[in-house]
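*Asks:* Chains as they are written, first to last, in our numbering: chain A, 1 to 312; chain B, 1 to 413; chain C, 1 to 311.
If you are wondering where the hints come from, they were derived from the structure by calculation, not from laboratory data.
Treat the hints with care, as some may be off.
[To be verified] A few chain A positions that, by computed beta-carbon distances, are all more than 10 Å from chain C:
1. E162
2. S163
3. V212
[Stated by the list, open to error] Dumping the calculated DSS-like pairs for lysine-lysine here, alpha-carbon to alpha-carbon at most 27 Å:
4. A/K116 with C/K298
5. C/K86 with B/K45
6. A/K68 with B/K213
7. B/K45 with B/K333
8. B/K333 with B/K358
9. C/K34 with A/K116
10. C/K35 with A/K208
11. C/K135 with C/K204
12. C/K86 with A/K32
13. C/K109 with C/K86
14. A/K32 with C/K34
15. A/K208 with C/K34
16. A/K208 with A/K116
17. C/K35 with A/K116
18. C/K35 with C/K298
Even for Gly, the Cβ is constructed at its ideal location relative to N, Cα and C.
Here is how the chains run, residue by residue.
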Amino acid sequence: MADTAVHTREGAEQAARPSLLNRIFLHNLSGKIAAIPMMATVLIVFIGCTVWTIYFSFTNSRLLPTGKFVGFDQYERLFATSRWNVSVTNLVTYGVFSLVFTLGIGFLLAVLMDQKIRFESAFRTIMLYPFALSFIVTGLVWQWIMNPTLGLQGTMRNLGWESFTFDWIANPRMVLFALLIAGLWQGVGFCMVLMLAGLRGVDEEIWKAARVDGIPTWRTYVSVVLPMMRGVLVTAVVLIGSGIVRLYDLVVALTNGGPGISSEVPAKYVYNYMFGGGNIGQGLAAATMMLVTVLIIMVPWAYLEFGGRGRR
Amino acid sequence: MKKFAVVAAMATAFLGSTSAYAVDLEVTHWWTSAGEAAAIAEFAKVFEEETGNNWVDSALAGSGTGANPVIISRIIGGDPMGATQMNTGRDAEELIQAGLMRDLTDVVADMDLDSFYVDQSLLEACRYEGGLYCLPINIHSWDWLWLSTAAYEEIGQPVPTNWDEYVASWPALEEAGILPFGLATGWPISGVPGVLMSGIGGSDLVLAVNRDKSADAVRGPEFREVAEAMDSLRKVISPDMMVPSFGDVGNQLLTGEAAGNIHGDWLQGDLQVAGGVPGEDYECLPALGMGDQLTGGGDSFYFPVLPEGTDPAVIQAQADLARLLISPEAQLKFNLVKGSMPIRTDIDLSAANPCMQKALGLLENGLLPSGDFALSSDTQQQLQDLNIEFLDDDNITVDDYIERYASIIEQAD
Amino acid sequence: MSQTATMSGSAPTTTPTAGTEPRGPRPKPFFTPKKIMLYATLVFFSLYFLFPLYVMVVTSFKTMPEIRFGNIFALPNQITLDAWFKAWTSACTGLTCEGLSPGFWNSVKITIPSTVVSIFIAAVNGYALVNWRFKGSEIFFSILIFGSFIPYQVFLYPLVMITRELGIFGSLQAVIIVHTIFGMPILTLLFRNYFASLPVELFKAARVDGAGFWRIFFEIMLPMSLPIFVVALILQVTGIWNDFLFGVVFAGTQNLPMTVQLNNIVNSAQGSPEYNVNMAATVLTGLVPLIIYFVSGKLFVRGVAAGAVKG
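Based on the provided sequences and hints, a complete structural model is requested.
*Replies:* In structure tokens form, the structure reads like this:
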């Protein structure tokens, strides 16, 4: 927090300097011109569409954004809807597991890959290729594998293992883990590559020093190397986190929210009510709640990470 | 496509067709199952033969989440298709109000629609401020109990003739390892309560809930019976036995893997394509074999207003298609394949199969408004969510179900 | 594509930590229990990653009766290419029975320009954010990163209206713009990190020589950025090729990408589902990103190492 305060003061000092207009428009003109597409994207799409979304979430708009202002009605309905509440719980559960396992397994694999092993590039290729496939493809193939009659379970039973059970896709309590298996399959490899790059960015001297001091290898990884990989971790968290919040395609392709509503997620609620249900107000209220959640998690972090600090 | 267009244009030139040259008319729809695709092909054939124009088929799988967003966003985004299928009812009412759909009043002025449309309530859904913005092209009803002859042969019982007999046969079926009720994941369950409502609850209940949106009716004793029937149904359905699409349920019925299913009449199109013969391979019980009226909705065709500068020949092709869709010839061919009922009263349906004959008989008693006809898509979506949740989660009691159903109907507009 | 071609030069000699040699303890010459554990773990995970690919490919070569027999491990009794031909040329959606092939070319039409435009803009962004910072530039960047967390569904409706006002809805331009917008956050992050890792002296020297914004960009920065371009290229080609939502909404019916046709074929259940055709179609749809990834795998990893590491 102290850090933030210092920067605010600096900002205030800068703003107070003379020839403000000159500074805004003429200084570093080509830099600003080059950044026009980015500024337009930020202002029109990310900010403009967000404001639009929030505004219309307070209306009773149906198929077209023409409704009247109705206050918090859409939100009251949203919080009273069990499908929404289930969706949020699901996303939190999936998100926590996905983040922990993607980072954990990614790091573990990266450490293993970093042990001067043979066939490193073969292993890496195998682990990374699913990243090239879409969630639709991922969902389809795992749906096929998890199909209780024709997939893995059926195969094992046909081969004589009668009690073999792998019906997670049809089991309301396990279906989120079915999603997780498919999601990890797709994303862990990329996390591993990032982590491996991070590991190899660590100075050899650190390792020598740790060995001289007699620190066990695993402790060196956890308490020395990991903190040094901050940049990689940030990139990984941004990638994994944005994927989790947007979780949609995989659910549609793998479970379509079922069985029952046990694998519904917020993005699907938004989409279903905006288009299938023709209720933009309700869909946008749900979208706004997603935004608010992301905002609460992201803004303090983003400020510290990108806004508040010099880059080197 | 290009090559085909050229060939078709040449062909029409030689045949000396009505129009000077062939134009493309894009038609969007979500009829991608086997029976549905065969039915829409009948429309396309009639259209191409009669007008010499090209039917450009844009099928998108999945009604609610797949096709609807694309259809709506294209109309709103100013890139409309020549014609599109949607459900008869209220899905497009705002597009009509926003002036995005073409007024067909003049196009069909000389056809005297009132004289042959089987039920005026169908056309009402298309009217707005004196204009006519869509044409219902068939009547679909959810009110069918489909039963597998093979399954009942296996347990050595006669095929039930109504819902109660069917329920009574469940224990024997389960003992024989046959699914009493086959079900596809997702939306197919959403039609079931409506069917139980008309079959068990009766016509008055359907009118009170769907038309008058009376929450009291939902809380009443008749609806409780419906809810209890849903409750008993969910006890014989388990998620790991559910199949991906309703067409798969059709196959389960034909093989005797499943004994019964409540599903709309379009299932029959798939049963036929798979070689099923009504009366031999499967039996059909309209209104669960108990009611004397069918609830119904159906499909309509809409013709978006095309942007300025569109080739007048395309606009003419829209009009030609509109008139052809409700012509006796196209109606007959299409509906026989689709398994739905034609909207015309003046065509000879002796070629229709026994199931459709039964439906035509009930149709004479008037059509009850089904949920997808009378309720907004928002309300339908809420009810669908509720039904899917209820089916899967035994912690939701019948009382909870009734109360939640009632509150959704209460808020419906 | 021209930028990528002109920068032909070698990878930057100054790339920090470009070392690809493994660190960690030196390997011991014999098979120790530790080593066996190590390889066993790696092999176990490899099986997890390979299993779905194996199943996809094997299933696509089987006939339907064999599939219904229910052994997903088994190799096909008799290899048949029917499913592949059907998926490519004749699988039906509604009345159109052309398989995936038209979608393939549509995806090419969408992917190439979208990739080029989005990478170019993101590279300029990253360069401006590092070397030509102006007041507020970091705020824009922060919002951009934040934007990568917003669900796409939020933007769909307003973007339809915006592209309608621009008069490009339902065209290739629209879908290119949309991909550029949504590729921007992560690509800009990558380029910004990468350019920040280059020695600032190079830039300063060029400034002293009087070179301007674009000259430094094209003559100094681009030639040094091959690794990060490869990363960006792979991310964008796979991302855009795999996209479903934007393609189906913005590209217009005549440009529907391959993923949409895959979805149509798989979900169109014409009669009993043909899993072999579905799997063949699935493999075909994933083929382009897979090939690109396999061909450039090493460069990709090196690029990630160079670009994503610096925070």
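*Asks:* Does the structure break any of the earlier hints, and which numbers would those be?
*Replies:* As far as the earlier hints go, 12, 14 are violated by this structure, in ascending order.
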